[in-house]
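In case you want the letters, here they are:
There are 2 protein chains.
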Amino acid sequence: MTYQPINLGNKFSKFSEHWAPRVIAEMNDYQFKLVKVQGEFVWHDHADTDEVFIVLEGSLDIEFRDGAVTLAAGEMFVVPRGVEHRPVASEECKVMLVEPRGVVNTGDADSALTADNDVWV
Amino acid sequence: MTYQPINLGNKFSKFSEHWAPRVIAEMNDYQFKLVKVQGEFVWHDHADTDEVFIVLEGSLDIEFRDGAVTLAAGEMFVVPRGVEHRPVASEECKVMLVEPRGVVNTGDADSALTADNDVWV
Numbered sequence: 001m002t003y004q005p006i007n008l009g010n011k012f013s014k015f016s017e018h019w020a021p022r023v024i025a026e027m028n029d030y031q032f033k034l035v036k037v038q039g040e041f042v043w044h045d046h047a048d049t050d051e052v053f054i055v056l057e058g059s060l061d062i063e064f065r066d067g068a069v070t071l072a073a074g075e076m077f078v079v080p081r082g083v084e085h086r087p088v089a090s091e092e093c094k095v096m097l098v099e100p101r102g103v104v105n106t107g108d109a110d111s112a113l114t115a116d117n118d119v120w121v
Numbered sequence: 122m123t124y125q126p127i128n129l130g131n132k133f134s135k136f137s138e139h140w141a142p143r144v145i146a147e148m149n150d151y152q153f154k155l156v157k158v159q160g161e162f163v164w165h166d167h168a169d170t171d172e173v174f175i176v177l178e179g180s181l182d183i184e185f186r187d188g189a190v191t192l193a194a195g196e197m198f199v200v201p202r203g204v205e206h207r208p209v210a211s212e213e214c215k216v217m218l219v220e221p222r223g224v225v226n227t228g229d230a231d232s233a234l235t236a237d238n239d240v241w242v
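Taken in order, these protein sequences are the chains called A and B.
Those letters in the first sequence? Residues 1 to 121, by the numbering used here.
Those letters in the second sequence? Residues 122 to 242, by the numbering used here.
One or more hints might be untrue.
Examples of chain A residues lying across from chain B (beta carbon under 10 Å, computed) [as the list claims (entries may be wrong)]:
(1) G9
(2) S13
(3) F15
(4) Y30
(5) F32
(6) V42
(7) E51
(8) I54
(9) V55
(10) V69
(11) M76
(12) F77
(13) V78
(14) E99
I should point out that these hints are in silico values taken from the structure, not numbers from a laboratory.
A virtual CB, placed ideally from N, CA and C, is assigned to each residue, including glycine.
Just chain A, same shape as in the assembly:
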């Protein structure tokens, strides 16, 4: 049988929109998503789940109500469930997200940035 690797660079080359996560793999009931981000996202939280950010290219700030963390390429962070956060990137940044299937990018927030969910690339 032929098995194919999932190439992250190849997947990133297939879309250009910002703040619109694309699913590239599933593990049990979790999804691995790629997203290109630039600018300021909306404040939101995910009441029922932690959320993993892994920066693959560029630099990402994740702001919290009481601080912030800056992630360079090769760095990751786990945003705990229920914690309000706002991703911000001054230049385009490529990120892998890991979270349960069904998580909406803007969480509890009503926003124009709410993306379609479960879009594969």
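Following the hints, put chain B in place on chain A, whose structure we already have.
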């Protein structure tokens, strides 16, 4: 409050053993682990869970009973639950694993390569 990124290169610098995964983060009941591999691992499967391999440096072959996949840096693969597999790397390769807390590296196999579980770095 001060938030710290998890730097993958820094974590890799803290251990040298092969086939001994180190936990670097938890998301809900899942763990992110780093492992350095070289040589042939043991055939095994994980009956209850899929397992994600993300190659960060080097090249990794994952052999199956009916084929194989080769992962370069920047490539990933999801080994489905219950599927026998054997990771092989001719030279040292750095890998991130994602799987539920409690998964043993050799799965169902009785092996000298069975590593202590839930070791953080």
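Against the structure, the hints:
Among the interface hints, the one on A:G9 holds; its C-beta lies about 6 Å from the nearest C-beta in chain B, closer than the 10 Å criterion. At its closest, the beta carbon of A:S13 sits 12 Å from a beta carbon of chain B; the interface hint therefore is violated under the 10 Å criterion. At about 17 Å, the closest approach between the beta carbon of A:F15 and any beta carbon in chain B exceeds 10 Å, and the interface hint on this residue is violated. With a cut of 10 Å, the hint placing A:Y30 at the interface with chain B holds, because the nearest CB-to-CB distance is about 7 Å.
Interface hint at A:F32: satisfied, since its Cβ lies 7 Å from the closest Cβ of chain B, which is below the 10 Å cut-off. At its closest, the beta carbon of A:V42 sits 19 Å from a beta carbon of chain B; the interface hint therefore is violated under the 10 Å criterion. The beta carbon of A:E51 comes within 7 Å of a beta carbon in chain B, closer than 10 Å, and the hint placing it at the interface holds. With a cut of 10 Å, the hint placing A:I54 at the interface with chain B holds, because the nearest CB-to-CB distance is about 8 Å.
Using the Cβ-Cβ criterion of 10 Å, the hint placing A:V55 at the interface with chain B is satisfied: the shortest such distance is roughly 8 Å. With its C-beta approaching chain B no nearer than about 4 Å, A:V69 sits inside the 10 Å limit, and its interface hint holds. Hint on A:M76 holds. Least Cβ distance to chain B is approximately 5 Å, under the 10 Å limit. With 10 Å as the threshold, the beta carbon of A:F77 comes within range of chain B, its nearest partner Cβ sitting at about 6 Å, so the hint holds.
Hint status for A:V78: holds, given a least beta-carbon distance of 5 Å to chain B, under 10 Å. Checking A:E99 against chain B: minimum C-beta separation of about 8 Å stays under 10 Å; hint holds.
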